[in-house]
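*Asks:* One letter stands for each residue in the lines below.
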Amino acid sequence: MRRVGIVDTTFARFDMGKAAIDELMTHATDIKVVRRTVPGVKDLPVACKLLIEREGCEIVVALGMPGPEPIDKMCAHEASTGLIQVQLMTNTHIIEVFVHADEAESQEELAKLAEKRTREHAYNVYLLLKHPERLTEMAGTGQRQGWKDEGPLGKRDVKRKGGQDATKHGGAEAKAVTAVEGAVHRG
Amino acid sequence: MRRVGIVDTTFARFDMGKAAIDELMTHATDIKVVRRTVPGVKDLPVACKLLIEREGCEIVVALGMPGPEPIDKMCAHEASTGLIQVQLMTNTHIIEVFVHADEAESQEELAKLAEKRTREHAYNVYLLLKHPERLTEMAGTGQRQGWKDEGPLGKRDVKRKGGQDATKHGGAEAKAVTAVEGAVHRG
Amino acid sequence: MRRVGIVDTTFARFDMGKAAIDELMTHATDIKVVRRTVPGVKDLPVACKLLIEREGCEIVVALGMPGPEPIDKMCAHEASTGLIQVQLMTNTHIIEVFVHADEAESQEELAKLAEKRTREHAYNVYLLLKHPERLTEMAGTGQRQGWKDEGPLGKRDVKRKGGQDATKHGGAEAKAVTAVEGAVHRG
Amino acid sequence: MRRVGIVDTTFARFDMGKAAIDELMTHATDIKVVRRTVPGVKDLPVACKLLIEREGCEIVVALGMPGPEPIDKMCAHEASTGLIQVQLMTNTHIIEVFVHADEAESQEELAKLAEKRTREHAYNVYLLLKHPERLTEMAGTGQRQGWKDEGPLGKRDVKRKGGQDATKHGGAEAKAVTAVEGAVHRG
Amino acid sequence: MRRVGIVDTTFARFDMGKAAIDELMTHATDIKVVRRTVPGVKDLPVACKLLIEREGCEIVVALGMPGPEPIDKMCAHEASTGLIQVQLMTNTHIIEVFVHADEAESQEELAKLAEKRTREHAYNVYLLLKHPERLTEMAGTGQRQGWKDEGPLGKRDVKRKGGQDATKHGGAEAKAVTAVEGAVHRG
Chain Y
1 MRRVGIVDTT FARFDMGKAA IDELMTHATD IKVVRRTVPG VKDLPVACKL
51 LIEREGCEIV VALGMPGPEP IDKMCAHEAS TGLIQVQLMT NTHIIEVFVH
101 ADEAESQEEL AKLAEKRTRE HAYNVYLLLK HPERLTEMAG TGQRQGWKDE
151 GPLGKRDVKR KGGQDATKHG GAEAKAVTAV EGAVHRG
Chain B
1 MRRVGIVDTT FARFDMGKAA IDELMTHATD IKVVRRTVPG VKDLPVACKL
51 LIEREGCEIV VALGMPGPEP IDKMCAHEAS TGLIQVQLMT NTHIIEVFVH
101 ADEAESQEEL AKLAEKRTRE HAYNVYLLLK HPERLTEMAG TGQRQGWKDE
151 GPLGKRDVKR KGGQDATKHG GAEAKAVTAV EGAVHRG
Chain S
1 MRRVGIVDTT FARFDMGKAA IDELMTHATD IKVVRRTVPG VKDLPVACKL
51 LIEREGCEIV VALGMPGPEP IDKMCAHEAS TGLIQVQLMT NTHIIEVFVH
101 ADEAESQEEL AKLAEKRTRE HAYNVYLLLK HPERLTEMAG TGQRQGWKDE
151 GPLGKRDVKR KGGQDATKHG GAEAKAVTAV EGAVHRG
Chain A
1 MRRVGIVDTT FARFDMGKAA IDELMTHATD IKVVRRTVPG VKDLPVACKL
51 LIEREGCEIV VALGMPGPEP IDKMCAHEAS TGLIQVQLMT NTHIIEVFVH
101 ADEAESQEEL AKLAEKRTRE HAYNVYLLLK HPERLTEMAG TGQRQGWKDE
151 GPLGKRDVKR KGGQDATKHG GAEAKAVTAV EGAVHRG
Chain P
1 MRRVGIVDTT FARFDMGKAA IDELMTHATD IKVVRRTVPG VKDLPVACKL
51 LIEREGCEIV VALGMPGPEP IDKMCAHEAS TGLIQVQLMT NTHIIEVFVH
101 ADEAESQEEL AKLAEKRTRE HAYNVYLLLK HPERLTEMAG TGQRQGWKDE
151 GPLGKRDVKR KGGQDATKHG GAEAKAVTAV EGAVHRG
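For the protein sequence lines, the chains are Y, B, S, A and P, in the order given.
Just so you know, we're using my numbering here: the first sequence kicks off at 1 and counts up by one.
Just so you know, we're using my numbering here: the second sequence kicks off at 1 and counts up by one.
Just so you know, we're using my numbering here: the third sequence kicks off at 1 and counts up by one.
Just so you know, we're using my numbering here: the fourth sequence kicks off at 1 and counts up by one.
Just so you know, we're using my numbering here: the fifth sequence kicks off at 1 and counts up by one.
This is chain Y alone, in the form it adopts within the complex (with noise of 0.2 Å):
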């Protein structure tokens, strides 16, 4: 079993933990989770690590939801910060998944947002902890996660397979697909 971090917030509005663990159980039976919560954006940074250097984790997910004030954008700049450093005194990837309270209009568009988010960088730590080579398929691809991609640049928008909409075939189909998109992006 593959241990994975995933560190959420209960400043956040939306459970991005569930929906993180929702989707790496989609793509893989050999991972095992380990979560934990922390009050806010500033505290991910030294739980990731206590993940990593006390629960064996190889790879984190660290999930917030940062306010839409200039002090709630200081907070995930400084938590952003803490969390490079903790990757670079470990030598292991945290994805960090933020989603900004001002990026979408309505609470259902942030809720739909924060999910499709969490879902597709779920997704990224799946390929980095088992399938790094199909990363380097998709290098310069333009990938967006919560957006639509935007594709590389002057050719037609290349939508992105994996993350929330894989999941909608359940956990066997969805690995179908993502064989077929690495054999797609080699081709």
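Hint data in this document are derived by calculation from the structure and do not stem from the laboratory.
Any given hint could be a false lead.
Which copy is meant is left open, because identical chains are indistinguishable; a pair holds if it fits in one copy or across any two.
Straight-line C-alpha distance at most 27 Å; calculated BS3-like pairs for lysine-lysine [said to hold, decoys possible]:
id, residue 1, residue 2
1, K32, K130
2, K18, K32
3, K130, K18
4, K73, K148
Add chains B, S, A and P to chain Y, keeping to what the hints say.
*Replies:* Okay, now just chains B, S, A and P, sitting in the frame of chain Y:
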């Protein structure tokens, strides 16, 4: 006895340290508080580190009231960055409680905010130390310390229990309330 | 003899180092000052670290007068970040005393501010070194170095004793005043 | 074989990694490239560190295309800070090649900029690895990667050789041009 | 022989490295300069660290000319932060000499500023290395490198000796001037 560190400042205009100690004592009888006071928020990081490394504190509360000017915001940013660094150097949580001088309209409102935020974060410290699983039960529920909770997206605001309100009932009762809260969150 | 480090700059337009030494000598006779001067504030961090690690200083005062331009503010920010890092690397307090060129209207006022802030922070250094419990007595009382204290919220402004004013009375008397102050704060 | 690391992102909209590899191969036949791809620029620092510490890379190229929004600029800043930290932790150069989405008017121009900057910095990597003295010959000459060089102050603009232009002539010829360039700079 | 490191960039539009070496040679005959050149200011920190740790340099001069755009200011900030980190990791002074492209009206003025600031800071390096006590004699005197000194507050501007002017007289005479300067400051 579990040791909890508390550091506050002479710059602050409210005795946040006293409020933090009072709140912690309400929730637990087996906690020993070690308190230090420094001139300003930029002096907090090393003071927290000393409490962790030389006084054996398992968790620390860092309390400050940054002023309203741009230079004060910068000081707070530098302090926050330092507090995150200390956490990573010591593998120990530090809960930062900053109340900005421009968050309230009047001195009276600011004092109330300082007390409420301090107490609610002291409660977070208690949870991190003794019941971290309860924080996971609150994941994504839009908790706000000092202000009314925002609640999860697309639902009615969920008023948070514990913190300042809980203290009105005294220690034992508060713990009972907390137990119910845990049950509610699980339900 | 307790060793206190003092670092100032050739960029500053006031001899802050001299004021700091004079103030420290007023309060204690068993302190040995080790002084260094560097070109600008960005040179302060490593100079402080050398005083701590190679000269055995138990605490350091870092003195600077950043200019009024945005680039000067950025330099001050970088210096402050470095000073916090040094504290965390050495587990030693460094009291930063920065006077910004745009804090006063006239050169004369700026010089007075530089002297007063330096002296009041030198007094903080003295307290941190020899009477840290007195700082806790002043927790949340709105102390301001160089300017009139703001005092606790919702009460009349509490004028701070010690610092520049105290020095008017000489060392022994100042200490007596300080003792009274401690008593008042306790009362 | 000297090992050179290359890390790029799936966020970028141009295959910068491919351009970097192609340019490096043009200049040297004894270089082995190790390539990794991560989701975004904030994932670059730890990926670079892993290439240095686990794959034995002597130098690394970090490639990214930050978006045009303030939040994207902040991400780039955080990534850059992390990349400098990695260099200091490993005593190894990492050449950061960031192309900002708002640097060009059209997608076509942006793609050209991305290719040219990547190639010219890949050439810098080649020089740092094998001919660092040639960089000193170019000291103070206003080199710009991706755009026309600005040249030294008060003289006509000096167009830089090597980089993208050189590759038009193929590997062997390019190296001849480079040798001439070295001679010119020495003359 | 004392070893002094000098790192400059190909991005700069003035040969700051040459000016620094020339100035240092004017003041001392027992200094050996080790010079490196990197592409831009963000490459300076690790190059300085390598000079200190692998080439035995006791002090380093980091030279750069950041461009006029916000992104250039950010690069300079990141570089400065890194340079401070290197100093703290190595307990060694690095004197940063940055000349911003928007500090002067014309190319000619910018070149003069670059030369003067470089020479005056090279003189600071000489003092830090061999006569640190002379810097203390200049504490609080408003020294400015490249521009006219501002002098202490409330007094006439004090023109600084040494640096570019001193070099007009050649090495021996310059040292004599410096000796007088020291005496003046002591007087």
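*Asks:* Look at each hint and say if it fits the structure.
*Replies:* Now for the hints, and whether the structure bears them out:
no.	hint	in the structure
1	K32 x K130	both (14 Å within a copy, 24 Å between copies)
2	K18 x K32	within (14 Å within a copy, 35 Å between copies)
3	K130 x K18	both (21 Å within a copy, 23 Å between copies)
4	K73 x K148	both (24 Å within a copy, 20 Å between copies)
The structure shown violates none of the earlier numbered hints.
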